[in-house]
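2 protein chains.
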Amino acid sequence: MANEWATFGADLHLDLAGQGLRHGLMDALREAVRSGRLAAGTRLPSSRSLAADLGVARNTVADAYAELVAEGWLTARQGSGTRVAPRSAPRRTERSRTAAPVASRRAAGTPTYNLLAGTPDLATFPRADWLKAARKALMAAPNEAFGYGDPRGRVELRTALAEYLARARGVHARPERIVVCSGFVDGLMLMGRVLRDCGVRKVAVESYGLDVHWNLLTREGLRIPALPFDERGTRTEELATTSGAGAVLMTPAHQFPMGGALHPDRRAAAVDWARATGGLILEDDYDGEFRYDRQPVGALQGLDPERVVYLGTASKSLAPGLRLAWMVLPEHLVEEVAAAKGGAEWASPATDQLTFAEFLGSGAYDRHVRAMRLRYRRRRDQLVAAVAAASPGTRVSGIAAGLHAVLELPEGTEAATVSSAAFQGLAVMGINRFRHPDTPVTKDALVVGYGTPTDSAWTGALEALCRVLP
Amino acid sequence: MANEWATFGADLHLDLAGQGLRHGLMDALREAVRSGRLAAGTRLPSSRSLAADLGVARNTVADAYAELVAEGWLTARQGSGTRVAPRSAPRRTERSRTAAPVASRRAAGTPTYNLLAGTPDLATFPRADWLKAARKALMAAPNEAFGYGDPRGRVELRTALAEYLARARGVHARPERIVVCSGFVDGLMLMGRVLRDCGVRKVAVESYGLDVHWNLLTREGLRIPALPFDERGTRTEELATTSGAGAVLMTPAHQFPMGGALHPDRRAAAVDWARATGGLILEDDYDGEFRYDRQPVGALQGLDPERVVYLGTASKSLAPGLRLAWMVLPEHLVEEVAAAKGGAEWASPATDQLTFAEFLGSGAYDRHVRAMRLRYRRRRDQLVAAVAAASPGTRVSGIAAGLHAVLELPEGTEAATVSSAAFQGLAVMGINRFRHPDTPVTKDALVVGYGTPTDSAWTGALEALCRVLP
Numbered sequence: 001m002a003n004e005w006a007t008f009g010a011d012l013h014l015d016l017a018g019q020g021l022r023h024g025l026m027d028a029l030r031e032a033v034r035s036g037r038l039a040a041g042t043r044l045p046s047s048r049s050l051a052a053d054l055g056v057a058r059n060t061v062a063d064a065y066a067e068l069v070a071e072g073w074l075t076a077r078q079g080s081g082t083r084v085a086p087r088s089a090p091r092r093t094e095r096s097r098t099a100a101p102v103a104s105r106r107a108a109g110t111p112t113y114n115l116l117a118g119t120p121d122l123a124t125f126p127r128a129d130w131l132k133a134a135r136k137a138l139m140a141a142p143n144e145a146f147g148y149g150d151p152r153g154r155v156e157l158r159t160a161l162a163e164y165l166a167r168a169r170g171v172h173a174r175p176e177r178i179v180v181c182s183g184f185v186d187g188l189m190l191m192g193r194v195l196r197d198c199g200v201r202k203v204a205v206e207s208y209g210l211d212v213h214w215n216l217l218t219r220e221g222l223r224i225p226a227l228p229f230d231e232r233g234t235r236t237e238e239l240a241t242t243s244g245a246g247a248v249l250m251t252p253a254h255q256f257p258m259g260g261a262l263h264p265d266r267r268a269a270a271v272d273w274a275r276a277t278g279g280l281i282l283e284d285d286y287d288g289e290f291r292y293d294r295q296p297v298g299a300l301q302g303l304d305p306e307r308v309v310y311l312g313t314a315s316k317s318l319a320p321g322l323r324l325a326w327m328v329l330p331e332h333l334v335e336e337v338a339a340a341k342g343g344a345e346w347a348s349p350a351t352d353q354l355t356f357a358e359f360l361g362s363g364a365y366d367r368h369v370r371a372m373r374l375r376y377r378r379r380r381d382q383l384v385a386a387v388a389a390a391s392p393g394t395r396v397s398g399i400a401a402g403l404h405a406v407l408e409l410p411e412g413t414e415a416a417t418v419s420s421a422a423f424q425g426l427a428v429m430g431i432n433r434f435r436h437p438d439t440p441v442t443k444d445a446l447v448v449g450y451g452t453p454t455d456s457a458w459t460g461a462l463e464a465l466c467r468v469l470p
Numbered sequence: 001m002a003n004e005w006a007t008f009g010a011d012l013h014l015d016l017a018g019q020g021l022r023h024g025l026m027d028a029l030r031e032a033v034r035s036g037r038l039a040a041g042t043r044l045p046s047s048r049s050l051a052a053d054l055g056v057a058r059n060t061v062a063d064a065y066a067e068l069v070a071e072g073w074l075t076a077r078q079g080s081g082t083r084v085a086p087r088s089a090p091r092r093t094e095r096s097r098t099a100a101p102v103a104s105r106r107a108a109g110t111p112t113y114n115l116l117a118g119t120p121d122l123a124t125f126p127r128a129d130w131l132k133a134a135r136k137a138l139m140a141a142p143n144e145a146f147g148y149g150d151p152r153g154r155v156e157l158r159t160a161l162a163e164y165l166a167r168a169r170g171v172h173a174r175p176e177r178i179v180v181c182s183g184f185v186d187g188l189m190l191m192g193r194v195l196r197d198c199g200v201r202k203v204a205v206e207s208y209g210l211d212v213h214w215n216l217l218t219r220e221g222l223r224i225p226a227l228p229f230d231e232r233g234t235r236t237e238e239l240a241t242t243s244g245a246g247a248v249l250m251t252p253a254h255q256f257p258m259g260g261a262l263h264p265d266r267r268a269a270a271v272d273w274a275r276a277t278g279g280l281i282l283e284d285d286y287d288g289e290f291r292y293d294r295q296p297v298g299a300l301q302g303l304d305p306e307r308v309v310y311l312g313t314a315s316k317s318l319a320p321g322l323r324l325a326w327m328v329l330p331e332h333l334v335e336e337v338a339a340a341k342g343g344a345e346w347a348s349p350a351t352d353q354l355t356f357a358e359f360l361g362s363g364a365y366d367r368h369v370r371a372m373r374l375r376y377r378r379r380r381d382q383l384v385a386a387v388a389a390a391s392p393g394t395r396v397s398g399i400a401a402g403l404h405a406v407l408e409l410p411e412g413t414e415a416a417t418v419s420s421a422a423f424q425g426l427a428v429m430g431i432n433r434f435r436h437p438d439t440p441v442t443k444d445a446l447v448v449g450y451g452t453p454t455d456s457a458w459t460g461a462l463e464a465l466c467r468v469l470p
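Going down the list, the sequences are from chains H and U.
Under the numbering used here, the letters of the first sequence match residues 1 to 470, in that order.
Under the numbering used here, the letters of the second sequence match residues 1 to 470, in that order.
In isolation and in its complexed conformation, chain H is listed as follows (with noise of 0.2 angstroms):
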């Protein structure tokens, strides 16, 4: 068995660095199941064995697994192993390797239900506002704003955040600060590169994130020590003990994935140690917008506009294909992020940038986010309810703000009802998914993104969700 699998890691084009090599042994592997190589019900090697075959970390093989599990490609039982699946999987590849027509791209892309945390209900994108704001934005524009332009972002886009960041999440923003990013990740390239510039040789992140986001910091080759968490939020005054940290990067307003609010006195203390140790706060406001129960959390960079970078995104507001984020950033640094920025000529299209200035002054971006948060604290309330009613003993949590919440588990059964939920046709992740690799296993959950499915699809996901449920 290890020769076959030496092969076949062997067959693959590797790219070593980070995602990349997880994305490859996945496609591979689905690759291997869709051409029959691998038949229904092969047990697969270890992910120690094949990952010592492949000479990568064992981690990057379980992850794969995970995922795979998720979307369907295989199965994982305890005692029986990993398996693949015994039906054919949902080919969520296959949309992006054809160029077939839109009606069987859509049916073969997907899962049937989708409740993936981290994507907004797309078939609400307000496509006609925005291509109303298109017109006017474009055809008012100066000829200059179709050149290569400042790396910082149109001034009309900065000025527009400002006072949208200063009304709504309390930001103190200037529009000289701010610095349009392609999405929320070239900001957190961006600022990993800056700050390794800096001297920086560790960011500290918390217990549990987006292993994308940590891996294009240690691709900066920047170290990061997991902060331990507990139902306050992420433990912020053990960063006066996290030797060397010279940044950390949070989601205070609410975590992800855990979905909680960062307590106040955990917001003071990592301030205090900013302040203390001349340290930088990356505030990861993704979602900030979307809060049902109570006032919005401001944000963290109001209490020390020197210390915090804060880097917002219109992913989750309007959509993840806009490819639109910002950051606001200390006045120190301002120069160099420009820089970085500049040299690499990075930027979004000025079109959309106007566009979406237009979209904000004109109040059409308030009035969609207004909607939105009725629309999402509904499904939110619809999922509760259902939950109570399915399965009474399950504790729902992290519900107060987002697009998703965590439904506890008892222990030792996440990968079955991940894998469960796979066999219904529903992708959903487990939350050790999002576990940092120091941190050990102290919950076993499920992170269900209520704001991903379609309207048309939200109840047959609800359904299914709650079949796979103790």
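Just so you know, not all the hints are guaranteed correct.
Label-pair ranges, simulated between beta-carbon atoms [said to hold, decoys possible]:
#  : chain 1 : residue 1 : chain 2 : residue 2 : range
1  : H       : Asn143    : U       : Asp366    : 17 to 25 angstroms
2  : H       : Ala57     : U       : Asn59     : 38 to 46 angstroms
3  : U       : Asp366    : H       : Gly244    : 53 to 61 angstroms
4  : U       : Thr442    : H       : Arg201    : 41 to 49 angstroms
5  : H       : Asp129    : U       : Arg48     : 54 to 62 angstroms
6  : U       : Val384    : H       : Ala371    : 55 to 63 angstroms
7  : U       : Val212    : H       : Val384    : 51 to 59 angstroms
8  : U       : His332    : H       : Asp438    : 34 to 42 angstroms
9  : H       : Arg201    : U       : Ser49     : 32 to 40 angstroms
10 : U       : Asp455    : H       : Arg367    : 34 to 42 angstroms
11 : H       : Ala57     : U       : Asp438    : 34 to 42 angstroms
12 : H       : Glu463    : U       : Glu163    : 37 to 45 angstroms
13 : H       : Met139    : U       : Glu31     : 31 to 39 angstroms
14 : U       : Val212    : H       : Asn143    : 41 to 49 angstroms
Hint data in this document are derived by calculation from the structure and do not stem from the laboratory.
Note that the Cβ used here is the ideal one computed from N, Cα and C, for glycine as well.
Position chain U against the provided structure of chain H, taking the given hints into account.
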């Protein structure tokens, strides 16, 4: 003097990575002139001594000085050194620092006349046609188009590009081999990373080119030896003796900035080298659409699609502000590049990708390129005629294609001519601004971007240019 400058240097927030340093230095110098800290006529320290004070490479300072001379902030005269210009300079950076009304920003933003190469006439961006395509594309798009999407880009755009590139540029293209990028620079950065991860240590480049591109490669840890250049173009037969180069970055259809097409023997030599050594050719086809006096030179990629990465862009044919470019990859690189891109989630917005796909598919792009070709050809003819009348001894070369021409100057007069042009309010660059550090000075010339001005500025720009010619 040294102390004053050391202090000045110490005040700068310098990003010590590549481009950033020069930009930071330029910004600081502009600010010092603007604020009056450096009075008109003040003689600046030599580039050697300022470089020593700041602890940076002499070229960094010399380049910053040369650009500020081109922008009109400084003057440089033989025997008199570099001085602050005697009148207030064009405030190029003011535009981006304020949120002033559009009209005043436009007036203050640029020199009176701009013949810098690299930007098309921005007034010609087809706003109404673009908006029409946007409406059609966005209203027809499937919901999933607004999600995170395929790291290679939208299949609609890749399909439209494959058809266009095969037809217009002789590129052997299939949608699954195309990766959409946020501008050429994004694609080159990605290739630099992938090449380095594949074990490449050196990428050969041309004797003349853009340092912003070279810097992207060196930032990835790659060395960039230059190939020699003669009247038939880059001496690709010397690739075999450039020990250890795993790839070469070239502009075969229209060398930038020299303006010639690579001789067929040299094209063949490049491909022979790539086949014999397993090397890769990165073909920068930045303005291949614009040919005037003869049939377009097809892309080198057609000679061997497995050994050439073709890079194209909409920055010259439509507008840099769209940040749209594309790569056509050899089969064996598709997975690596998609994985590298996916890990960073870089992508052009779905909105622009879908719009450009519609723009291509509807024939609007072909119509626009045809109209622009006529327009630029007319400008080229006017340039040649005006130079012949004003300065009969001045040889104009590189005129068969593209958006710029090379005007040869008597030996040793380039810097003075650029600086004299700046005094006329004319921004134009000397060819030595584009010279690779390893290449000796072999000629003095101006690189004249005749595509850059709007129609209303064109005649004045041409007159200003003629006034500074010998």
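Hint check results:
| no. | hint | result |
| --- | --- | --- |
| 1 | H:Asn143 with U:Asp366: 17 to 25 angstroms | holds (23 angstroms) |
| 2 | H:Ala57 with U:Asn59: 38 to 46 angstroms | holds (42 angstroms) |
| 3 | U:Asp366 with H:Gly244: 53 to 61 angstroms | holds (58 angstroms) |
| 4 | U:Thr442 with H:Arg201: 41 to 49 angstroms | holds (45 angstroms) |
| 5 | H:Asp129 with U:Arg48: 54 to 62 angstroms | holds (58 angstroms) |
| 6 | U:Val384 with H:Ala371: 55 to 63 angstroms | holds (59 angstroms) |
| 7 | U:Val212 with H:Val384: 51 to 59 angstroms | holds (53 angstroms) |
| 8 | U:His332 with H:Asp438: 34 to 42 angstroms | holds (37 angstroms) |
| 9 | H:Arg201 with U:Ser49: 32 to 40 angstroms | holds (34 angstroms) |
| 10 | U:Asp455 with H:Arg367: 34 to 42 angstroms | holds (41 angstroms) |
| 11 | H:Ala57 with U:Asp438: 34 to 42 angstroms | holds (40 angstroms) |
| 12 | H:Glu463 with U:Glu163: 37 to 45 angstroms | holds (44 angstroms) |
| 13 | H:Met139 with U:Glu31: 31 to 39 angstroms | holds (35 angstroms) |
| 14 | U:Val212 with H:Asn143: 41 to 49 angstroms | violated (23 angstroms) |
Violated hint: 14 only; the structure is consistent with all others.
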